[in-house]
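Just so you know, the protein sequences line up as chains A, X and F, in that order. When we follow this note's numbering, the leftmost residue of the first sequence carries the number 1, and every step to the right adds one. When we follow this note's numbering, the leftmost residue of the second sequence carries the number 1001, and every step to the right adds one. When we follow this note's numbering, the leftmost residue of the third sequence carries the number 2001, and every step to the right adds one.
Since the hints were derived computationally from the structure, they do not count as laboratory data. No experiment lies behind these values; they were computed from the predicted model shown. Built from N, CA and C at the ideal position, the CB exists for glycine as well. Wrong hints could be hidden among the right ones.
Below, computed lysine-lysine pairings styled on BS3-like, alpha-carbon distance capped at 30 Å [stated by the list, open to error]:
#, chain 1, residue 1, chain 2, residue 2
1, A, K143, A, K203
2, A, K353, A, K312
3, A, K397, A, K202
4, A, K192, A, K203
5, A, K353, A, K143
6, F, K2055, A, K284
7, A, K302, F, K2055
8, A, K192, A, K284
9, A, K180, A, K143
10, A, K150, X, K1003
11, A, K397, A, K302
12, A, K143, X, K1149
Okay, the calculated bits of chain A under chain F, using three or more residues with CB under 8 Å as the criterion [what the hints assert, rightly or not]:
#, segment
13, 205-214
14, 250-258
15, 278-285
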Amino acid sequence: MFKRPVQSVRSSIILLAIFLAGLMVIGSASAQTSKAIRIGVPAAIQLRVGRDTVDAVRMAIEEINANGGVMGRQLEMVVADETENPEQGISAVRKLTTDERVDVLIGGYASGVVLAEMPHVAQAETIYLGVGAASPSITAKVKSDYPSFKYFFRVSPVNSTHLAEGLVAFVSTNVAGNLKYTRVAIVGENAKWAQEIVPTLKKGITDAGLNVQMTELFDPQTSDFSPLFSKARESGAQLMLVLLSHASSDTFVKQWYDARVPVLMGGIDTKAQDADFFQRVGGKAIGEFTTAAAVRAPVTPKTIAFWDAFVKRYGRAPVYTAPGAYDATFIYAAAVQRAHGTSPDVLIPQLEKTDYVGVAGRIAFDDAHDVRAGPDYVSVRFAQWQDNGARIIVWPKALQTGNVIVPPWMRR
Amino acid sequence: MSKAYANLAGATGFMAVMIVLPLVVRGRYFVGVLTLGLIYGIWAASWDFMSGLTGRENFGHALFIGAGAYTAGFLNTIWMANPWWSLPAAACVAVVFSLAVGIPTLRLSGPYFSLATLAAAAIMQRLTLIFWERTGGEDGLQGIAPLLKSPLELYYLCLFSLVAVVAILLAISASPWGMILRAIGGDELACRASGHNTTLYKVAAFAIGAAPAGLGGALYAHHQLQVGPQLLSVFVSVSVITMAYVGGIGSMYGAAIGAILLTVLTELLRGAGEWRLLVYSTVLVLMLFFRPHGLVAPLWQALRGGSE
Amino acid sequence: MNDILIYGAVTSSVYAMLAVGFTLMFGVARTLNLAHGSFYALGAYGTYLMTTSFKLSLTVAAVLAVLIVTALGVAMERMLIRPLRGVGLAVPMMTLALALVVEQVLFLGFGSEYRNVPSFIAASVIVGGVDVSGQRLLTVAVNGCVLACLWVFVHRTRQGSAILALSQDREAAQYVGIPVDRVYALVMGISAALAATAGVLTAPFLTVQPGMGLMPMIKALSIVIVGGLGSVRGSIAAALLLGYAETIVAYELSTAWTELVSLVAVFMTLVLRPAGLFGIRAR
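Only chain A is shown next, with the shape it has when bound in the complex (with noise of 0.2 Å):
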């Protein structure tokens, strides 16, 4: 039995002592190198989609530092974990803003934490670029009440409209045109942005001729999906398109192999594009075709330079947020370049003028501030797990590297 100590009031005051010791170290304002512009990175650390947003800024802050920083001065990072709820988001971007000073924020994943940021960035008057929130609210509130959210910018990814646009596009033309396919389901997870698109997948899918068999959104909790592949398969679909995020793909594809389910599955699955997906779930994924905002494939000259520099020097393949978060640290040094300044006054003009090319694509912004997606611009990718764990890019038709396959029991 363990001896508890004795009840001690010493060993308490002094707890509290060092408490308000502490009170008075983080109240205290911050010590600032006068020169250094500081970026703020608000990223839900605790995540692959945080710790690569950091890394990414981390290695294009360096890049820039080494040759010759912007206007002379060096460029600075502060992290804050933003997690994955909206009161530490709040917390983060505001210990980045009124505390820490930064004189921009680079960052983001959850749509709803960004939401709820919004506010308290624009009150400290401080630019935003995000680079992994999808939802179009975001900069929705821009054009909607520009003075109040003009500092807002979407650098990455393609808001989830673009995507389901682009999914549309892709399942009408190689898809159904490859393998004739016209029946198809639709399934997701019970979230806000799913049931957002789905009116907008519907409609784009009949428009191109084809069925919608049955549309379900599943809880998000589910961890069994046996009822619902038994439901695709009643139902004569042959296309399965997905929509999830937060929900398990690793469990869903898992099972989808397992049960051998005869439908061809794939659509927008947040998880299912790390480049070790495939290995994650044993090479069950194979067949699984999503969004590939990430690829090691040449979508502009810079693209497989930043991969592998990635690579080597963090020891894993970068998700969907690391390009965004790169290309916007650029953009971002290039238009306090241009302005010859960081305030928002002089910022925002230049930074709504960018016309980048990066790793993911070419970068402007539409009226929103919300990056343009199309052939021109940032192009919507969607890639296809194959034999071996190979990615196949299947979609735009200029980068395709490859056809779409079957899984192997859908095979004659």
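For chain A, the structure is supplied; the task is to place chains X and F on it using the hints.
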């Protein structure tokens, strides 16, 4: 020194520190952290009133917090009401919820009340997600107007609210009324045998505890400028209970101070990066192991000399 | 129809494993063990660790994982819970804090991404016209066996009788000389073993990530409420009821409503019959 004087001295000292603190440590950010701590303090103290005194543990305090917050959110974004209306409205809505949950369940003995509160908060959270078109779903409601322009002013408003809430709750707790609540916590059967309608007292205590929770929810909404379903989660309920626990159950002032301490601790741990939550939970484990009766209230009672 | 029968059985058996352990802890040891989900998670991760880092065979790794988690559970009960008994909410709080510690340790040790545990039986089997993975059938079989063994243990052995006695009347049991502390440790061990086994079996086809213990924990709580706190019979009945109800809703209605089923069941139980199916009536 008599106990009453000691308590008064302690309260004054605490107030003095809290009034001066944001002025001494410069930085808008830190004031925001403390404001959040004060709001959590209101929630923790209000939880402690009912659950600490009567011993009937409420595992769904988030229901009142969320109800208050969403009331403020709806009033402000959909009906464009002046933010100040949120405060009384939120408190009223929370009380209504407390009656809806409390009246059927507090007549029963055993853990059913606790489970019902847990279930009620969970069901409410579910409903906000189901009716996402009206409540904003996972993203919640944005664009809520702030109550006061200056963060310092908001801080003092919250401080004033916290002190008022704790003072009122302590006053009720010290009254003959409060004695009965404590008696219920001690031995409900005996209390009932003496002729008191214990259910009525419990329901009243539950409602009294719900009002500040709703009020705090409204303050939260106008401070964060956003509300979401996370406010109805079991995570919030548990955080509130933890804070009350650290403070010393049944003391109310302990809960308030515990809330401020834990909020500040979470902030201090920012430097730990990925290890933040591990350190936090380990500290909690150690604290529970070595001080199972809580930190703040037992400490104050020991310092003051003599037991309650 | 056969789909529902078989998949419902798989779900119910897992729920039963989780709920029985939880209700034993509550009914016998009067402990609200909020770290119950952690045993489930540790079972899965233990298997993962042993197959990847120690390169053990799957069966050996699984058995070892369950044994280690059981030992951990007993140690936790002995060192961290026992000293706090009787101090109000201290025990549930402690288990909660421990659950968070376990989740963080798993996260820091294995990362936030999902991990892959290979199936024991990779093949697929056709049962009653339904294509079921061997792993799921194994789950039902093993869970069923374990619960049957548990029943035998509780009703036919001395230690089992001690457990029953304690759950009926603690003081009387003490008077008769039953070593309360040791029985508590035993019950914790059983509870941990059941949860860990469930984790080991489902890891191949369900999620393995650091937060995986939360949902099972909440499910177990819901089932125990519906079945009656402290009643093993109730837990099994409720597990079957909820497991099948969820499966039926998923197949016949929509998978958007599956998680609502347990919530509605809990609500109805608390409103209509708070004691649960087999619990002691509330007065």
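Here is how each hint holds up against the structure:
Pair hint A/K143 plus A/K203 holds up; C-alpha atoms about 25 Å apart against a cutoff of 30 Å. With a C-alpha separation of about 33 Å, the suggested pairing of A/K353 with A/K312 is violated against the 30 Å cut-off. Under the criterion of a C-alpha separation no larger than 30 Å, the hint pairing A/K397 with A/K202 is consistent with the structure, at around 23 Å. Annotation: proposed proximity of A/K192 to A/K203 holds, straight-line Cα distance about 18 Å (limit 30 Å).
Distance check on the hinted pair: A/K353 and A/K143 sit about 16 Å apart at the alpha-carbon level, within 30 Å; holds. Using a Cα cut-off of 30 Å, the hinted pair F/K2055 and A/K284 holds, with the two alpha carbons roughly 21 Å apart. The straight-line distance between the Cα atoms of A/K302 and F/K2055 is roughly 41 Å, outside the 30 Å bound, and the hint therefore fails. Between the alpha carbons of A/K192 and A/K284 the distance comes to roughly 28 Å, so the proposed pair stays at or under 30 Å and holds.
This hinted pair does not check out: A/K180 and A/K143 have alpha carbons roughly 41 Å apart, beyond 30 Å. Between the alpha carbons of A/K150 and X/K1003 the distance comes to roughly 58 Å, so the proposed pair goes past 30 Å and is violated. Using a Cα cut-off of 30 Å, the hinted pair A/K397 and A/K302 holds, with the two alpha carbons roughly 20 Å apart. Using a Cα cut-off of 30 Å, the hinted pair A/K143 and X/K1149 holds, with the two alpha carbons roughly 25 Å apart.
With 0 residues having a beta carbon nearer than 8 Å to a beta carbon of chain F, the segment 205-214 of chain A misses the requirement of three or more and the stated coverage is violated. Taking a C-beta to C-beta cut-off of 8 Å, the segment 250-258 of chain A contributes 5 residues in contact with chain F, enough for the three needed, and the coverage statement holds. By the rule of at least three residues with a Cβ nearer than 8 Å to a Cβ of chain F, the coverage given for the segment 278-285 of chain A holds, with 3 such residues.
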